[in-house]
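Asker: Sequence:
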Amino acid sequence: MVCAEPKPGLHHLFRVRPYDLAATLDSGQAFRWTQSSGSWTGVVGGRWVRLRSCAEGIAAETAAPVKDWGWLGDYLQVQVDLNRVLDTLPPHPQLASALTQHRGLRLLRQDPWECLASFILSSTKQIKQIKQIVERLCREHGDRVPTPATEPEAWSFPVAGRVADLRETDLRAMGMGFRAPHLLRAAQAVASGSMDLEGLKRLSLAEARASLMNLPGVGRKIADCVLLFSLGFDEAFPVDVWVMRALKSAWFPNRSPSLKELVRFSESHFGPHAGYAQQYLFHQARSNSSFPRLKVIT
DNA sequence: GTCCAGGTTCACG
DNA sequence: CGTGAACATGGA
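Under my numbering, the first residue of the first sequence is numbered 542, with each subsequent residue one higher.
These are computed hints drawn from the structure, not numbers from a lab. Being a predicted model, the structure only gives us computed values, none of them experimental. Beta carbons: idealized from backbone N, C-alpha and C, even for Gly. Some hints could be false.
[Claimed, not checked] Cross-link-like lysine to aspartate or glutamate pairs, in silico, EDC-like; alpha carbons within 16 Å at most:
1) 801 - 781
2) 742 - 652
3) 762 - 781
4) 666 - 781
5) 762 - 802
6) 762 - 776
[As the list claims (entries may be wrong)] DEER-style ranges, computed between Cβ atoms:
7) 632 - 744: 29 to 35 Å
8) 669 - 754: 25 to 31 Å
9) 755 - 805: 19 to 25 Å
Make the full structure from the sequences, and use the hints.
Answerer: Okay, structure coming up:
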């Protein structure tokens, strides 16, 4: 695939491998990427971005000139030596199969507020619905961001202060249901500074997790998503229904451990980059069974 | 119409 | 400490 770079400042090539862009952007960690004719469009750091994977790595395109592409490289985690990270995971047939099948799937480094808000909205919702509700929140309360003339409009994710100024009824009107008060409280906490998301990076995993779990509507699973997908805690290991099934079938085929036991198991079994194992297991579980897009017609 | 979705919380035994 | 139900909404 060719990665031509006609307009200086609007294009950049990240030389990185392996990188499975589709798996990474569509594996349920971020909710704002859409695929169209082989490329992916989204909004990162208030900028419209289009990404395409090519032989050398990832070709990026923006709508406005960019001098320093660090913000995007950081988001995409292109500096991570993925093979070395994956080498630290314990050997196990099912996990090895996931690593082989989807090698190149990476963890992103998202904006903590966007990540927290998105996962507060995620509870007992299908990924498709999460994408819809997040997009609606952006469209109604985010800011327009510049896009190429031929592209559809795009909006930034609304800052916490913007959401904090809304009322619960406004949020419920967007279809958030019982999650509405949770999102509002989180927005107020972040906007007021009583919840310092960036500051959590300086705490231990347990301390940062406990802090997040003080927010209403944020339990262990959502806290771990935020820790793993936005704050750089590679050891965080969110256990949702999919990961629970994967753990049971691969490590406990003859009985049905409780969620608590599985969480305890995950804490001691996968090592310092446990979150990568989690993401591969999650993605494989969804791809193999009922990933709607990939459902095989037999 | 029924079941379930990248959960959390609270009441009850 | 473990289990079960409520919580809103919409896709499959």
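Asker: Taking each numbered hint in turn, which are not upheld by the structure, reported in ascending numerical order?
Answerer: none
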